[in-house]
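Chemist: So the chains spell out like this:
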Amino acid sequence: MDYIVEMLNIRKEFPGVLANDNVTVQLKQGEILALLGENGAGKSTLMSILFGLFHLDKGKIKVRGKEVQISNPNDANNLGIGMVHQHFKLVETFTVTENIIIGMEGGFVLDRKKAGAKIKALSVQYGLNIDPDEKIEDITVGMQQRVEILKMLYRDAEVLIFDEPTAVLTPQEIRELMQIMRNLIKEGKSIILITHKLKEIKEIADRCTVIRRGKVIGSVEVAETSQQQMANMMVGREVSFSVDKGEKEAGDVVLEINGLNVLNNRKTLGLKDFSLNVRRGEIMGVAGVEGNGQTELVEAITGLRKSETGDINILGKNIAKYSIRKRNESGIAHIPEDRHKFGLVLEYSLSENFVLKSYYQQPYSKMGLLHQDVIDQHAVKLIDDFDVRAGQGEKSPASALSGGNQQKAILGREIDLDTDLLIAVQPTRGLDVGAIEYIHKRLIEQRDSGKAVLLVSLELDEILDLSDRIAVVNSGELIDLVVNDDSIDENDIGLMMAGVKKGEA
Amino acid sequence: MKKDYTGVIKSLGAVLLGLLAGAILMLAIGANPLKGFFYLFQGGFKSIERFGNIFAIATTLILTGLSVAFAFRTGLFNIGAAGQMLMGGLCATMIGLSFDSLPRIILLPFMFIVALLGGAIWGIIPGLLKARFNVHEVVATIMMNWIAYWIVYYVIGDYFTSGLLETESASIPAVAQLRLPWLTDLLNGSYLNLGIVVSIACVIIIKFILDRTTLGYELKAVGYNRHAAQYAGIKVNRSIILSMMIAGGLAGLAGLTYYTGYSINIQIGVLPTQGFDGIAVALLGATTPWGVFFSAAFFGLLHAGKGFMSANTIIPPQIADTIIAIIIYFTATSLFIEKMWVKMKTRRLEKKNIKSGGDE
Chain A
1 MDYIVEMLNI RKEFPGVLAN DNVTVQLKQG EILALLGENG AGKSTLMSIL
51 FGLFHLDKGK IKVRGKEVQI SNPNDANNLG IGMVHQHFKL VETFTVTENI
101 IIGMEGGFVL DRKKAGAKIK ALSVQYGLNI DPDEKIEDIT VGMQQRVEIL
151 KMLYRDAEVL IFDEPTAVLT PQEIRELMQI MRNLIKEGKS IILITHKLKE
201 IKEIADRCTV IRRGKVIGSV EVAETSQQQM ANMMVGREVS FSVDKGEKEA
251 GDVVLEINGL NVLNNRKTLG LKDFSLNVRR GEIMGVAGVE GNGQTELVEA
301 ITGLRKSETG DINILGKNIA KYSIRKRNES GIAHIPEDRH KFGLVLEYSL
351 SENFVLKSYY QQPYSKMGLL HQDVIDQHAV KLIDDFDVRA GQGEKSPASA
401 LSGGNQQKAI LGREIDLDTD LLIAVQPTRG LDVGAIEYIH KRLIEQRDSG
451 KAVLLVSLEL DEILDLSDRI AVVNSGELID LVVNDDSIDE NDIGLMMAGV
501 KKGEA
Chain B
1 MKKDYTGVIK SLGAVLLGLL AGAILMLAIG ANPLKGFFYL FQGGFKSIER
51 FGNIFAIATT LILTGLSVAF AFRTGLFNIG AAGQMLMGGL CATMIGLSFD
101 SLPRIILLPF MFIVALLGGA IWGIIPGLLK ARFNVHEVVA TIMMNWIAYW
151 IVYYVIGDYF TSGLLETESA SIPAVAQLRL PWLTDLLNGS YLNLGIVVSI
201 ACVIIIKFIL DRTTLGYELK AVGYNRHAAQ YAGIKVNRSI ILSMMIAGGL
251 AGLAGLTYYT GYSINIQIGV LPTQGFDGIA VALLGATTPW GVFFSAAFFG
301 LLHAGKGFMS ANTIIPPQIA DTIIAIIIYF TATSLFIEKM WVKMKTRRLE
351 KKNIKSGGDE
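Line order of the protein sequences matches chains A and B. If you read the first sequence in my numbering, its first letter stands for residue 1, the second for the next number, and so on. If you read the second sequence in my numbering, its first letter stands for residue 1, the second for the next number, and so on.
Please note that a few of the clues may not be correct.
As the list claims (entries may be wrong) - Here are the simulated distance ranges between beta carbons:
id, chain 1, residue 1, chain 2, residue 2, range
1, A, Thr24, B, Ile142, 53 to 61 Å
2, B, Arg132, A, Met367, 25 to 33 Å
3, A, Val68, B, Phe41, 53 to 61 Å
4, A, Gln227, B, Tyr329, 54 to 62 Å
Bear in mind the hints are in silico, worked out from the structure with no lab data behind them. Think of the CB as a built atom: it goes at the ideal place given N, C-alpha and C, for glycine as much as any other residue.
Next comes chain A alone, as it looks inside the complex (with noise of 0.2 Å):
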């Protein structure tokens, strides 16, 4: 067989988990083969013990037909496997050659002319555009990524693997990056692309293989699937793509920010002079590539960063100066970006996490002494209207729970504050296909009901699927403000992501 790679029956086990239960996958010579899973499915797991950061408790590795021990990455490296990991690893302060070099520069004293000559070399070769002597700091997320696929080429790597690259590149970058992909196969090249975006896997790959709860479901022709089936194959049941949205007219202004300037943690200004509103019965979608004012925009409305200049209104009255419960009594609720950070307080049950923005009112407690039993009904009330899954009911630990679960324990918090505007930053990050389904029906709902919605997404499917309006965010300016109907270009949007502005192009 012309396999350049094979796992054989691999066995992982975790106290308490089994990530990978008799696993198989083979890659053949020059192809892409897509690993498709939910998250938590044991796709990590498994390129992780390839890469040789984990151990197996059983199977065997094949490379070149030839059985293998990989103990540590070295040994993946000396066997001709690389891998781009999902976070860079580049230091910032340091040149694209540099960073290359690092770990075998060998010797005393630093050859770097050679080594850029021939990072230029396999830049030319493979495409991949980029000058060596550039710092990694000066240049963009899509540049920093090929200086990570350059890492592996200059180490001779003949195998790549991909974890999930497309998570933080601009719609024009993912073209670009697939384009390098197929580069890579044309020089000989194979590769393993780990994902869970079917469009990406019709589009480049050759095979794709499905797990699903640490076992293969089955490995599939992608020419010959449609992106229904793999859906299927996936989540283990008919899932459904469309978005059911109705038309709804706008109302009110519920959120209207005027001129607001906020700094980033770098003490620049990560948001200009930013206007926007959001109406009742409207989701306005802020698309953008992570990092260019989402992140300051949310903060400053909900008053954990403070804003400079600029009104924040919400129902004609200025909340800029407000703190943050008074903020929230305002009528703001807020499903954060990082829900371990924000969102959840990990240690507390369930029942505390559901009144953390309300315990100190009544029913839950008065004159400062908790009602247990009044929390605990609250909580199995919302356990029940948001399908929170659970072990041990209320009482479960937030960090009992899977990610799908506690964002649905937020959503459902947050919901039911009942407040005229609704925040969801990213409601659906590392999420299964199912949950998403699921909190994309409720933001929907919320709208319907009247709700003003501000969704902040980095997945622009996201954004046009459920958006009213879409204001384009880049280097914390607002480039267009667009209404979401059928004459909308998925790739003007993309260009104005990069910043460009309309006419411009």
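Given chain A's structure and the hints, the job is docking chain B onto it.
Modeler: Showing chain B alone in chain A's frame:
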């Protein structure tokens, strides 16, 4: 709800390992560990007086332990229990020595309140520094310890000595002592005093605050996840100051029980070790109020029994201190022990898998 006993198991494990290490040390110096432990425990339980002394010693440790544990639950590390205790004790002593003409029923509550306030102020200052200027509370509380140390040095040394000895205050008059003659008689001269009532009441009150009140909910939320607390609209800085204030107040009461109940005078030039032992008590007690109570009682037992042990064997009393120290090490590294345990279990599981393997 299923009760979580991992904290109890971890603490008992640490105690057992500490005793085991103590046994090895006893063997090393040529003593019989069984005899050593026999006398150590007999020293605590032999008579009603000694039994009373276990709790007399524990009284102060319960309060300093509660102080550290309470701050810990809010995510703060209170190293300043010693200084707070000293200030509480100083305030109570000054009142006790100055107003000994007041009737006891007024004097004792008066001393109680000033001890509480003295400790609380000593806790508020690091809390404020942390909240306003982000000064780490470990640094600030250590500094506060030394400030308290020198304040006692000058105030007691200059104004409150008996004139006979310059290194300690005059003895607290009987009217201002927490000791109760009938209780002392009942326990054949034990040091056990009213302080035990104060400390047990504090255990109950702190447990109530932590479990049943919105204040406890807020403080714990800040301790577990400062960001989520902020997101929920809880005033994080206010919680930090409040928590340090309460922790300081508890340690201040520890000073009251120690200086006016146990030692009945205050020495200058001494940072009370009970303040630091409070850290150990809190850790061993898994930072829960009743855990603190039992671990303080255990430490009280070791302290009460060590003299008896060394009198009856060749084992020096320092062995008991060493056992305490080792227990602290094991408690602090309980995470490590836990990991080892999990690893052992998985290895056993793997072995079983290999044995049952080959079925493909």
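Chemist: All hints, please: hold or fail.
Modeler: A quick look at each hint next to the structure:
1. As the Cβ distance of A/Thr24 to B/Ile142 is approximately 59 Å, the hint placing it in 53 to 61 Å holds.
2. For B/Arg132 paired with A/Met367, a C-beta distance near 30 Å keeps the hint of 25 to 33 Å intact.
3. The hint said 53 to 61 Å for the Cβ distance between A/Val68 and B/Phe41, and at roughly 60 Å that hint holds.
4. With their beta carbons about 58 Å apart, A/Gln227 and B/Tyr329 fall inside the hinted range of 54 to 62 Å.
Hint compliance for this structure: every hint is met.
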